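Q: These protein sequence lines are chains E and X, in that order. Its first residue numbered 1, the first sequence is counted upward by one per residue in this note's numbering. Its first residue numbered 1, the second sequence is counted upward by one per residue in this note's numbering.
None of these hints come from the bench; they were simulated from the model. One or more of the hints may lead you astray.
[To be verified] If you want the ones that stay clear, here's a sample from chain E, every Cβ over 12 Å from chain X, calculated:
#, residue
1, 24
2, 92
3, 248
4, 279
5, 293
[Claimed, not checked] List time: in silico SDA-like cross-link candidates among lysine to any residue, alpha-carbon distance up to 25 Å:
#, chain 1, residue 1, chain 2, residue 2
6, E, 131, X, 181
7, X, 131, E, 106
8, X, 12, E, 137
9, E, 131, X, 160
10, E, 59, E, 131
11, X, 131, E, 111
12, X, 216, X, 22
All values derive from a computational prediction rather than experimental measurement. Glycine included, each C-beta is placed from N, C-alpha and C at the ideal position.
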Amino acid sequence: MAANEEEAVKYVWEGAIPLQIHLHKSEVASHPPPPPALVLAPRIGYLPLLVHLIKPYFKDSLPPGEDSIWFDYKGLPLKWYIPTGVLFDLLCAEPERPWNLTIHFRGYPSNVLIPCEGEDSIKWNFVNSLKEAAYIINGNCKNVMNMSQSDQEDLWTSVMNGDLDAYTRLSPKIKMENIEDEFSRKASVSSPQSRQGGTEIDVAGQVKTARVPVRLYVRSVSKDFENLEDVPEMDTWDEISYLNRPVEFLRKEGSNFIILKMRCTVLMIFTWLYGKCFTLRDAIESLLPEYIRDRAQTSGEEGEQRTTDASDVSQETRGELKLVRIQGIEMKLEIPFSWVVNNLMNPEFYLHVSVLVKEPQR
Amino acid sequence: MDSAGEVVNDGKITLEGFTVAARAFADKWKRHNLSFPPWSWIPLINRTMLKKEEGYLSLEKIIILSSLEESAEEESLDVTADWSEKEESVDLTVLVQNVEDEAHYYDYHIVYSASYMVPMLYFRGYSSDGKPLSLDVIKRDLPSSSVSLLLESKWTFITQEEHPYLNRPWFKLHPCGTEEWIKLLSESSSSDGCQIPVELYLVSWFSVVGQVVGLKIPREMLI
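Excised from the complex, chain E in its bound form (with noise of 0.2 Å):
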């Protein structure tokens, strides 16, 4: 399992999305106009930083004046600090791809887009995500203060090279304290002494709150679907609700004391056994209680002995979790929570979480 991890932050750094570009056509100032730029996006990166790429395809066609790019996808601006392949998870229910993405280099919709200086305001966007992540797991964002600068300046640079060794140097200088649980060994990348075979566990055998960053993007249908492809297009970011909450959960120690300093895959089977884990389900309940489901329906499929409510309120009015997309995988929702986190959060340290749900009905 140890080595399984290591590998799992290998693929979200690798997680790239082909790229179809097009000039939007106002600005096509050549003739025939210019093919569309290919290029493959990195999941974990943003798209302005891509136009040095995608420039050079365009830049005989472009009419004369200054440049102040942005993109759209089906004519949605697209909002440039969030991170491309959360875009892509989110955008398109059926993957696309490659993903056609039109690019404009005039007409900045400064009314409903952030503005964007460039490298600049990427970096801006990142390090200060990087504080509020610091500030939900540590309390405080003193560790990302304390940086020196040009600490700051490499730790950026590996995210924006996709350079995972180098930012695996450098994170031990983050000092963000471990999400843990008893499956977590991501804890080795942001500190040395957990790569012993235990967890580190509060002797007195407190419960411990833990908060942990996440960003929650939800879609909503109004109606069932059978395929994705029968998802609606989106027009608006209002369809959207975006949550940018932690999510709070117990870490239990009651269990935890009898499998101390045991392996990884131990570890689950007492876990699972006692039935005490936090999973992804409990994580986005605990953000949208609206989607809270009901038990009486989920003891088959789990295999757990759990208590049958007796409720009057059946699914169909409820709303349902339909979909739920981090790192482009389709997760299954009782996976450990803390797992998840650890693996396949962002370099700065947030969980982005794409879930499709259909709204309840009132």
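Since the structure of chain E is provided, determine the placement of chain X on it from the hints.
A: Showing chain X alone in chain E's frame:
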């Protein structure tokens, strides 16, 4: 992390506490701050969620006329200097029209930050034709004391960010350090060093933050 009561010890506040504090703040404002319109509570209800208890405070269409700012002493001196160079008879209708053209409208939202567990002030300015004002223009509408604070202090700086719920660019007052000065306020205001009661949390918060954007609250609200 503890939540004994609604206001957490170290100057932060829970979501539930914010909802209570917001209503208390709006009520007191309505009673004591008659020169301003009242704040409205905007609940977060949309297709996806029914969060009746969550929302934010909104105060909109506040007109700020640069010539009426108390710190505009210097500005008014310049103005009179200008006029003395012009013709002696001043056309009053022209004067009034100029004042209207200079009218800037401001919207203020007090939004809870779940990450930092403190309130945050979002605001935007626009002219009478609805066009958004740039930060440079807005800074000219702020009290001059704020502008120097903005330059010097680490906690009062303004950034342009997306409104957490409205998908539009707004300006935000940076929250870092909020809980520290709330703690200071609560320590100095009560004899036994207790924390601020939740009903007064936003009042105390706004007594500081509001000043940065030129909104003062009357002392009666602090009781």
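Q: Does residue 248/E really sit off the interface, with its C-beta more than 12 Å from all C-beta atoms of chain X?
A: For residue 248/E, whose nearest Cβ neighbour in chain X is about 9 Å away, the distance does not exceed 12 Å, so it is violated.
Q: Hinted pair, alpha-carbon criterion (25 Å max): residue 131/X, residue 106/E. Please report holds or violated.
A: Holds. Residue 131/X to residue 106/E sits at ~19 Å (cutoff 25 Å).
Q: Would the pair residue 131/E and residue 160/X pass a check requiring their Cα atoms to be no farther apart than 25 Å?
A: Holds. Residue 131/E to residue 160/X sits at ~17 Å (cutoff 25 Å).
Q: Taking the minimum C-beta separation from residue 279/E to chain X, is that value above 12 Å?
A: holds, 21 Å
Q: Evaluate the condition: distance from the CB of residue 24/E to the nearest CB of chain X exceeds 12 Å.
A: Holds: least Cβ distance 21 Å, greater than 12 Å.
Q: Hey, residue 12/X versus residue 137/E, does the alpha-carbon distance stay inside 25 Å?
A: Holds, because 15 Å separates the two Cα atoms, which is no more than 25 Å.
Q: With a cut-off of 25 Å on the C-alpha distance, tell me whether residue 131/E and residue 181/X pass.
A: holds, 19 Å
Q: Keeping to a limit of 25 Å between CA atoms, is the pair of residue 131/X and residue 111/E held or broken?
A: holds, 9 Å
Q: Taking the closest pair, is the beta carbon of residue 92/E still more than 12 Å from chain X?
A: holds, 19 Å
Q: Would residue 293/E pass as off the interface with chain X, using Cβ distances and a cut of 12 Å?
A: The claim holds: residue 293/E sits with its nearest Cβ about 16 Å from chain X, beyond 12 Å.
Q: Between the alpha carbons of residue 59/E and residue 131/E, is the straight-line distance 25 Å or under?
A: At roughly 37 Å apart (the allowed maximum being 25 Å), residue 131/E and residue 59/E break the hint.
Q: Does residue 22/X lie within 25 Å of residue 216/X when you go C-alpha to C-alpha?
A: holds, 17 Å
Violated hints, listed in ascending order, are 3 and 10; each of the other numbered hints is respected by the structure.
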